[in-house]
Every structure is written in structure tokens, then in C-alpha cells.
Amino acid sequence: MHGMIMVVYLLTALLLGGFGNYLIPLMVGARDMVFPFVNMLSYWVYLLSVIVLVTGFFVPGGPTGAGWTLYPPQAITEGTPGHSWDIVTMLASLAIFIIAFTMGGLNYVTTVLQARCKGMTLMRMPLSVWGIFIASIMGLLAFPALFVAAIMMLLDHLAGTSFFMPSILSMGQATETQGGSPLLFQHLFWFFGHPEVYIVALPAFGIVSDLISVHARRNIFGYRMMVWAIVVIGALSFVVWAHHMYVSGMNPYFGFFFAVSTLVIAIPTAIKVYNWLLTLWRGNIHLRVPMLFAIGFIFTFIHGGLTGLFLGNVSVDVPLSDTFFVVGHFHMVMGVSPILVIFGAIYHWYPKITGRMWNETLGKLHFWITFLGVYAIYLPMHYLGILGVPRRYFALGETAFIPPSAHLANEAITVAAIIVFLAQGLFFINMIWSLFRGPKADPNPWGAASLEWQTPQTPPAHGNWGPKLPTVYRWAYDYSVPRTARDFIPQNEPPA
Amino acid sequence: MSLLTRLAEKSWERPGIDGFAEPDSYRPAAARVGLYIYFGVACVLFSLIVATYLVRMGVGVHGAAAHGTAGDWRPMPEPPLLWINSAVLVASSLAWEVARRSARALEWDTMRRMALIGAGLGLLFLAGQLLLWRQYQAAGYYLATNPANAFFYLLTAVHGLHLAGGVVACGRAVGQLGMRGNQRRAARNIGLCAVYWHFLLLVWVLLAGLLVST
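Going down the list, the sequences are from chains Y and C. Numbering follows this note's numbering, in which position 362 of the first sequence is assigned residue number 362; successive positions increment by one, without gaps. Numbering follows this note's numbering, in which position 38 of the second sequence is assigned residue number 38; successive positions increment by one, without gaps.
These aren't lab readings, by the way, just hints derived from the structure by calculation. Note that the coordinates shown come from a computational prediction; the quantities given were computed from them, not determined experimentally. Please note that a few of the clues may not be correct.
DSBU-like mimics (lysine-lysine), calculated; alpha carbons at most 35 angstroms apart, straight line [stated by the list, open to error]:
| # | chain 1 | residue 1 | chain 2 | residue 2 |
| --- | --- | --- | --- | --- |
| 1 | C | Lys10 | Y | Lys118 |
| 2 | Y | Lys468 | Y | Lys440 |
| 3 | Y | Lys364 | Y | Lys118 |
| 4 | Y | Lys440 | Y | Lys118 |
| 5 | C | Lys10 | Y | Lys468 |
Starting from the given sequences, assemble the full structure and let the hints guide the process.
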């Protein structure tokens, strides 16, 4: 439940549903999404999916114990918590979520293609929009795999079909199913699951590019390369899925192919990291809260990305598979990293959304506890994983290969996790308190060049732009341009 | 300007809007673009089901043969109703095509008549598919009896739901015809309905081909 809620219902929904809905029309100079009714429907259907998901906590048997991967036959076989009821609500909820996402995704993609204002060419769009745009296309192409898997598993569970269920003995009794292929489910799941990593990551890449550029007062380094890297990462992410299945059994040549494709993805990803660093290089860096989160993201993302190179290799992955090393890796790269960006983005756009400023001290405190805290949580996990400590175990018990220091590390991780959890209260207190008591925000407090900061009203009124849509004359990164009065030129300012 | 040329633009070099037309003057309608993007989604959806069909069939036939067992894949028979339903869908698609062409020629009455016939034939196809299910069940081909059956019911259900959604959208487009000043918009939507119908016909032809040939 934890993994599914965080990856699908929180990260995907927040980055695409939340930031996509808010930023796309403002950043491309549109009044709204092109299909507002479908957009609204998408939200309500999403809410329905969440309600169905949450019912899983209250049904007999409790929530599913099958992990976020929901592998059959375990997920629907007696002995696994929630195998009877919650797996049904989980799969039904996923199917409903995917319907909602399809409606939303169609809106994001079509709005970017069709509703850009005059002068806003594709290559003048901010990288945030590029990230959300490509991630939406990926979601539209990847989520059907999960939809198919969910429907088939529901039928296996409720109607007795054998898409994925082989003939097995359960509790000493032969099941009525036969001939199904659990591996087929794994292929479907990871055909969705790996692109999902980038569905979460690409909007974060885009947003962090904008945060770094604005708060370093520098044009983004290698804009065109950044766009192409987003596109190439999106495309490559569809041919790497089986690196999650090295230990499931596959032809060695497939393992070789998927290892190579996995490592190739590191090239466009490294381009992005270098470009972020080169944007910061000799920039006029303002260490405000959004910038702190953006720089924090670079740290955690490099960390998580590098451990991904370990796991992408078959021979290294096999001994590390299902250990804490994997938990540390993916939490750094697709848990902590995008969440740091989400925090940075909320701090960055909060003045535009609410018309108020937040408390800087509370924001910085929130950042430092969170940033140092997540390292205290996830860094030791890598060492635990190398020791061979397995994941998914409620209690490890007495084992010969796990030293007492591993238990101590686990206890320290728990303490750090509690502190980080409590520190999130600072964020919520800051956001709610500032909404009513925060100082009034300037319409463009960061001196940003992109279009969303140039609205006639702050917060933007209905329709965003008043009677006339804006015209765009330049890209979104004209910062510190020589021989200009200000250190930025808004996108809608005509050339002199 | 090709997409590659657009993506190669050096947007940091030349500020200005020389040569930029008003976006509304050259962009196709959003509904058309949205529909074509949805076709991509639907193609992936059906392709994945077909891919799992072929893999599962392989497990059921070849995998079992390799292990010296009988295998569990039993192809279903092809009753005449399968072909009758297919013919109804072809007729439905033809009616929509006539409606689309009438819309282009501003022949509103023909357009309305043919759109209604097209939607009606679509509903007839759906009823025929339900009847086909009943026939199969009466003959003992239940959902869980065999993986081939399960795939048949799944594929026809997903296709049927797409068609049912199309009927609702078409009903809305036909309803718009009655409203004054909405005729051009309704005509555009009828055109989109026709394209959607052709797409679903193509999907059905491929699915039926798969079901019959395996």
C-alpha cells in the first residue's frame, strides 16, 4: 500500500495532476486546459480511485501484503494479507485511476500542442512544461499496461480465469487454476513500472531546471540538450523494464540487452546533471528555500542515480536484489529526489498561488532537517543491503550473516525517519500560517522571466490573462543579459 | 515547418515574433488532436492485450508440448453471428463515412440521417456481441473454462466499451444538430465520430482476424 500510494496516488498525481494543471496554462499563455470538463471529470474520477483505495484499510483481512508490485500468485493466494478483499479494491482503484489519468493526460498533451499563445514555440517553452508534456505522453502509453494487468488479475481472482495463475498447491490444496504465467504479469507491470519512474522524474527534472535558472540568475545551460535529453530519456525508458526482473529468470541475452539499455539511459541523464551544475557555475546564486531544495535534489539524485548503475548490471544486481540496497537506491532516486523538487516547487510558486510569502526561517529549517534526515535514513540502507539484509521483513530475528551493528543501524534509521516525519509539520504550519498571516507577495518576487509570473493579477484571476492573451517574444531564460536595466527579461517583453 | 526543424530552433538567439501567425489560424481543432492522441493510447491498450494473448497461447500450447502435457489452450469455434456482427460494424462505419462527407458538403439532413443510422447500427453491433456471448455460454464456452475463452470475452468487452463510449459521444454530436448556430461544430464532431468509428472497425478487423486465425 505504501509504495502504491506514494508512487501512483501521490507523486504522479501531484506532479502531473497538480503542477500540470496549474503550470501548463500559465506557462504556455492559455486561459485554461483545452478540455476543461474532461479535466474536472479527471479530478473526480481520481478522487473516486483514492476512496476505493482507502477502503482497503477497512475491509476484512486488512490491506494487501503483496508490496507495490502485486505479483501473482502471491497477491491473490491464501496466506497473503489482504489476498481476499483488499487486492480487489487495490486493482479496481488502479483501473479507475488510470481512466482518470488518461483524461488528464490527454488534456495536458493537447493543451501544450494546441493552446500555446502567439510566439510560444515549442522551444520557447520552459523546461517544466517540457517535463510534464513528455511525462504525460509516457503516462498515456505506459498506464495501459497496468490497466491490462489489473483487469486480468481481477478476473483471475474473481472469475477464476488463468491469465497469470499457474497450477499450484495452496495450503496443501490444488487450486483450480492452471497454465497461467506469473512472468507475464511481471512484464506487464514493469512495462508500466519503469516508465513510471520517469513519469515522476521528468516533471521534477523540468521544474528543478527552472528553479536553478531563476535563483542562480543564469540562463539554463544547454537548453536544447535539456529538451532532447528529456525526450530521449522518455523514449529509452520503454526498453529497460526487464532490469527489474533479472532474478525472475530470463534468457542471458535479454539480460545483456536490458543491462545495456539501462546504462545507456545514464547518458542523457548525466547530460542533465552536468547542465544543472554548469548553470550554477559562476551564477549569482540566491540560497533561498526553493534553491536549497533544488540543490538538495541534485545531491540525492546523483546519489540515487549512481547506485542505479550498480543495480543495472546483472551480475551486481543478482546478489543485491531484494536487499536494503535496493530500498536505499529507489527511495533516493524516485522518492526523496522528486519530493524535494515538489517542496522546492511549492515554495517557489507559493507567492503566485496565494499572493503571500512564507516564513524563510521555517522554510530553511524544514529543508535542512529533511535533507540531512533523508541521508540519515537512506545512506545506511546501502550498507545494510551490501551486508545482505533483506527487504520486506517485519523482523529479522537471529541470523548468522547479519551482525548486531545492522540492528543498531536499523534503529538509527527508525529514529531519523520519525524526526523527518515530524519535521514535515514545519512545512504544513508554514504554508497554512503564511496563507493568512504571511506578508503580501510581489507579483514576481524572484524576478522570473517565464510567463506565469507576468499575469495581470496575483493570484491569477479566472482566465489568467485578462481580456487579451499574452504574446511571447523570447525564451524563458533571459537572465543577467548584458546591457539591460534589470537582470531578467520577461518572455512577453518585446525586443527593444 | 517540420517537427525536427522546430525542435532544432535556437530560441535564445532571436527574440521577436516576425513570421508568427495567430495560432488559431493554422492549428487543427483541439478535439481532433485529442482524438488522435487517444488512438495512440487505445492502440497500446489493444496491442498489450494481443501481446499477452500470444504469449499466453504460447505457454498454453508450445510450453505444454515442451513439458509433454496436453496444454490448456482450446480455440473457440466461429459461429455465423461473428461474421454477421462484423458486417453490421462495416455497415455502421460506412454510414458514418456518408455522414462525414455530407457534413463537408453542408447537407445537414443527410448528415443527421446517416449519423443516426451509423449510431443505430453501432448499437445493433453491441447487441449482436452480447448475443454472441450468450451463444458461446450456451455452448459451454464460459469465461474461466479456458484461457482462449477468457481472452475472447476480454477483447470483445474492451472493444465493446470503446464502441459504447462512441455511441454516447455520437449521441451528443447528433443532439447538437438541433441547436441553432451549432451546426458547424456538430458537423465537425460528426466527422470525428466517423474517424473514431473507422478506427474501431480497424481494431475489430484485426481482433477478429486474430481470434479466427489462432
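Here is what the structure says about each hint:
1. C:Lys10 x Y:Lys118: Roughly 17 angstroms between the alpha carbons, so the hint for Lys10 (chain C) and Lys118 (chain Y) holds.
2. Y:Lys468 x Y:Lys440: The given pair, whose Cα atoms are some 26 angstroms apart, holds under the 35 angstroms limit.
3. Y:Lys364 x Y:Lys118: Violated, because 39 angstroms separates the two Cα atoms, which is more than 35 angstroms.
4. Y:Lys440 x Y:Lys118: Holds, at about 32 angstroms.
5. C:Lys10 x Y:Lys468: OK: Lys10 (chain C) and Lys468 (chain Y) at ~27 angstroms, within 35 angstroms.
Taken one by one, the earlier hints fail for this structure only at number 3.
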